[in-house]
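So the protein lines, in turn, are chains E and Z. Everything in the first sequence is counted per the numbering used here, starting at 1 for the first residue and increasing by one. Everything in the second sequence is counted per the numbering used here, starting at 1 for the first residue and increasing by one.
FYI, nobody ran anything at the bench for these hints, they're computed from the structure. Warning: the hint list may mix true and false statements.
[What the hints assert, rightly or not] For lysine-lysine, the following DSBU-like pairs were computed, each having C-alpha atoms within a straight-line distance of at most 35 Å: (1) Z/K50 x E/K53; (2) Z/K50 x E/K50; (3) Z/K53 x E/K50; (4) Z/K53 x E/K53.
Number of protein chains: 2
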Amino acid sequence: MTVAEDELSLVFSALADPTRRAILERLARGDATVRELAEPFEMTQQAVSKHLKVLERARLITRTRSAQSRPCALDPERLDAATGWIARHRRMWADRHDRLDQHLAALRQAGETP
Amino acid sequence: MTVAEDELSLVFSALADPTRRAILERLARGDATVRELAEPFEMTQQAVSKHLKVLERARLITRTRSAQSRPCALDPERLDAATGWIARHRRMWADRHDRLDQHLAALRQAGETP
Numbered sequence: 001m002t003v004a005e006d007e008l009s010l011v012f013s014a015l016a017d018p019t020r021r022a023i024l025e026r027l028a029r030g031d032a033t034v035r036e037l038a039e040p041f042e043m044t045q046q047a048v049s050k051h052l053k054v055l056e057r058a059r060l061i062t063r064t065r066s067a068q069s070r071p072c073a074l075d076p077e078r079l080d081a082a083t084g085w086i087a088r089h090r091r092m093w094a095d096r097h098d099r100l101d102q103h104l105a106a107l108r109q110a111g112e113t114p
Numbered sequence: 001m002t003v004a005e006d007e008l009s010l011v012f013s014a015l016a017d018p019t020r021r022a023i024l025e026r027l028a029r030g031d032a033t034v035r036e037l038a039e040p041f042e043m044t045q046q047a048v049s050k051h052l053k054v055l056e057r058a059r060l061i062t063r064t065r066s067a068q069s070r071p072c073a074l075d076p077e078r079l080d081a082a083t084g085w086i087a088r089h090r091r092m093w094a095d096r097h098d099r100l101d102q103h104l105a106a107l108r109q110a111g112e113t114p
């Protein structure tokens with residue numbers, strides 16, 4: 001549980017940067033090498049590599065170990081974990097407000113029929 | 001767009017901490033004051049206040065200005081923005097893999113019926 005919590009922090013932290021999100025957007029469309037990723041962002045390959053390390057540590061991407069160009073691929077499992085966490089608490093909040101609405105509706109009805 | 005992107009960075013950055021996520025979990029169940037939030041976390045009210053400032057800056061929570069106890073409430077709009085971003089790219093990735101599967105199935109079928 002503690003490990004999972006920390007992993008979630010790594011994921012959210014990796015997503016908290018516009019360049020890293022842009023890299024993930026690019027990888028959602030297809031695998032790419034560091035060189036291919038660097039071009040549209042007008043960044044050095046070194047700068048892209050730094051961002052890729054953060055994404056790899058959060059396990060948001062995987063990289064082929066064997067090939068020399070080491071293409072990067074999106075790994076959606078951790079994205080699902082992040083959405084899962086948000087969705088659970090979002091739903092809890094929505095349920096609470098539904099209950100509040102029902103309660104207010106019941107109060108209104110009780111007021112109308114004394 | 002740039003503003004929205006930065007706002008998204010604030011949201012993900014605020015979520016990248018287990019204590020702040022625990023505070024949001026607590027607020028998903030109901031509004032609470034700083035004192036009420038501090039108790040279960042065994043933290044000083046000062047430490048909780050620091051986390052609340054980060055959550056408030058990311059607009060994940062709102063605080064009543066008038067009341068002296070200033071209860072905190074979850075504001076789900078930004079959570080939706082964060083889930084929205086993830087869901088869009090998750091879907092793009094899934095679509096790409098569906099097309100790949102279809103392509104492979106077509107290749108297999110072509111191989112079976114020469």
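Quiz item: Between Z/K50 and E/K50, does the CA-CA distance stay at or below 35 Å?
Solution: Within the cut-off at roughly 29 Å; holds.
Quiz item: Holds or violated: are the alpha carbons of Z/K53 and E/K53 at most 35 Å from each other?
Solution: 30 Å, holds
Quiz item: Does Z/K53 pair with E/K50 here, judged by a C-alpha cut-off of 35 Å?
Solution: Holds: Z/K53 and E/K50 sit about 29 Å apart, inside 35 Å.
Self-check item: Hint consistency between Z/K50 and E/K53 [alpha-carbon to alpha-carbon, up to 35 Å]
Solution: 29 Å, holds
This entry satisfies every hint, going by the numbered hints stated previously.
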